[in-house]
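K.L.:
Sequence:
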Amino acid sequence: MKDSSSPDADPITLSLNLLSSLLHQEIPTVHHFKTKWSLARVKLTVLQTQLTDFSAEFPNSSHPLSLHLTNSIFHTLHDAVSLAHHSQSPSLQNGKLKTQNDIDSLLSKLHRHVTDCNILIRSGVLNENRNGAVSTSKRETVKSGCRNLITRLQIGSSESRNSAMDSLLTLLNEDDKNVTIAVAQGIVPVLVRLLDYYLSSSEMKEKIVAAISRASTVDSGKHILIAEGLLLLNHLLRVLDSGTGFGIEKACIALQALSFSKENTRAIGSRGGISSLLEICQAGTPGSQASAAGVLRNLAAFVEIRENLVEENAVVILLGLAASGTSLAQENAISCLSCLISEAARSRILVVKEGGIEILKNFWDSTGLTNKGLEVAVDIFKNLALSAPIAEVLISKGFVVRLVGVLNGGVLAVRIAAGKAVHALGLSGGTKAKKEMGECGCIVPLIKMLDGKSFEEKEVAMMALSVLLLYAENRRIFGGDEKSVVSVVQLLNPSLQGLDKKYPVSLLALLVHSKSCRKQMVAAGACVFAQKLVEMDVEGSKKLLESLRHGKIWRVFSRP
2 MKDSSSPDAD PITLSLNLLS SLLHQEIPTV HHFKTKWSLA RVKLTVLQTQ LTDFSAEFPN
62 SSHPLSLHLT NSIFHTLHDA VSLAHHSQSP SLQNGKLKTQ NDIDSLLSKL HRHVTDCNIL
122 IRSGVLNENR NGAVSTSKRE TVKSGCRNLI TRLQIGSSES RNSAMDSLLT LLNEDDKNVT
182 IAVAQGIVPV LVRLLDYYLS SSEMKEKIVA AISRASTVDS GKHILIAEGL LLLNHLLRVL
242 DSGTGFGIEK ACIALQALSF SKENTRAIGS RGGISSLLEI CQAGTPGSQA SAAGVLRNLA
302 AFVEIRENLV EENAVVILLG LAASGTSLAQ ENAISCLSCL ISEAARSRIL VVKEGGIEIL
362 KNFWDSTGLT NKGLEVAVDI FKNLALSAPI AEVLISKGFV VRLVGVLNGG VLAVRIAAGK
422 AVHALGLSGG TKAKKEMGEC GCIVPLIKML DGKSFEEKEV AMMALSVLLL YAENRRIFGG
482 DEKSVVSVVQ LLNPSLQGLD KKYPVSLLAL LVHSKSCRKQ MVAAGACVFA QKLVEMDVEG
542 SKKLLESLRH GKIWRVFSRP
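Under my numbering, the first residue of the sequence shown carries the number 2, and numbering increases by one thereafter.
Wrong hints could be hidden among the right ones.
Stated by the list, open to error - Straight-line distance between alpha carbons at most 20 Å, and here's what the computed SDA-like set of lysine to any residue pairs gives: (1) K354 <-> E308; (2) K373 <-> N363; (3) K503 <-> E458; (4) K421 <-> I448; (5) K139 <-> T171; (6) K35 <-> L108; (7) K503 <-> V523.
For the record, the hints were derived by calculation from the structure and aren't laboratory data.
Sequences and hints are given; from them, build the entire structure.
P.N.:
So, in structure tokens, the structure goes:
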């Protein structure tokens, strides 16, 4: 073994020499703080075992992380020898208090070195490319880079970890695939533990939150974030109250992923998160307002949280954001409001009193018919229309014409939402609403939706038509389309799975008394289908079959 004074000795050899000296010569002869030095001996013994194993498994390792750690250990041990010498003298020249603090600092460093050695060995980064093989796969390169950064984030100085965090953010922001790889390599639990480590460093904390928010943008990241539970949630909620605009925005993005969990939703409500989020909606940066409204939208999906939101004046605050925020902020605010009023007539009235209908009209008109964001506008319209007095106002404000536009639009989700809105308006708006929707042209696009590829689109179209056709003139409009009756009969077919058969049954029941419609039904096979539905005990099918057969009997008797 080379002498510790040899300039070409490697750090591990130098450290092992110092460890031997400390354990067998220096520490046994100290006069002061023997208890603390006995604790140091335990740490030093563990470290000696680690370095011996390390030297055997990774001889002549030139990995930067390995060199950095072993050099750091050597300097700590060098200082430990000097401190042990000082503790051997009868009188402490540096004073008792300073010596005690120095030994405590040494214990802390030794603990960190032991932990860092464990992390470095378990990380597997030192095994990579040991035989000089270089991976040409970009994915493997990213995986290797992630493992390296994850290790760097857990060992070494604060400056080193800060540098690793900057490199990680660069990697994550390059590509969503990089995010998925980093999540698979275990970045999320490491980041969450780092939040505990950097409680007092706001700059580093916000970088960590930014990395966590980026992880929340991939599906695999969302599941792992939820698994981290209340520890992560509490850290993010603290950022809402004390972070900068950047940190708050990133915390809200992460909270959007966490707030799909019912348990987390309750925790956000019980820890003052709702008031913090609403405050951000009022006075935050444009980006943080949109993200905060997104969290509130998720919270409002849970019935037990809605009352808390209303009590915190959420309706008025969200209407303000819907009127003046960015397009994403408006969309999230309106979506949240839609949840809040879905089962609360009082909140619907408050929305109208606070100018909500005009705000809705402006958002609707400023959003293109090909924009999926229009779905939230149609959805809140549907929930507003559940109250009869508000339905009348909506009709007077020209919203029926707007409904026709989206029924004819090219976005499936928006068409489905519009079909539900027609159904709601027809139920609460009475004859006037049905007449208005028929005259404005709602029926023809709904007939087209009967032939759509989505079962949900077909079903929603039948629901809407079954209400509209309660008005006689609308039945004439429907019957005037040569494909309409046949399209509904085809949906009776029991082999067509995924559709509730009560809707085509009720729709045909409204038309069966028309001679021409009944003739089309029979020709299209309605009797055969209805008989099968009777056997399946589908609501209304028996009465429909009787009406169809009654018509056939009368046609026989009427022949000359």
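K.L.:
Decide, hint by hint, whether the structure agrees.
P.N.:
So, going through the hints one by one against the coordinates:
| no. | hint | result |
| --- | --- | --- |
| 1 | K354 <-> E308 | holds, 19 Å |
| 2 | K373 <-> N363 | holds, 16 Å |
| 3 | K503 <-> E458 | holds, 15 Å |
| 4 | K421 <-> I448 | holds, 14 Å |
| 5 | K139 <-> T171 | holds, 16 Å |
| 6 | K35 <-> L108 | holds, 13 Å |
| 7 | K503 <-> V523 | holds, 18 Å |
In terms of the numbered hints stated before, the structure departs from none.
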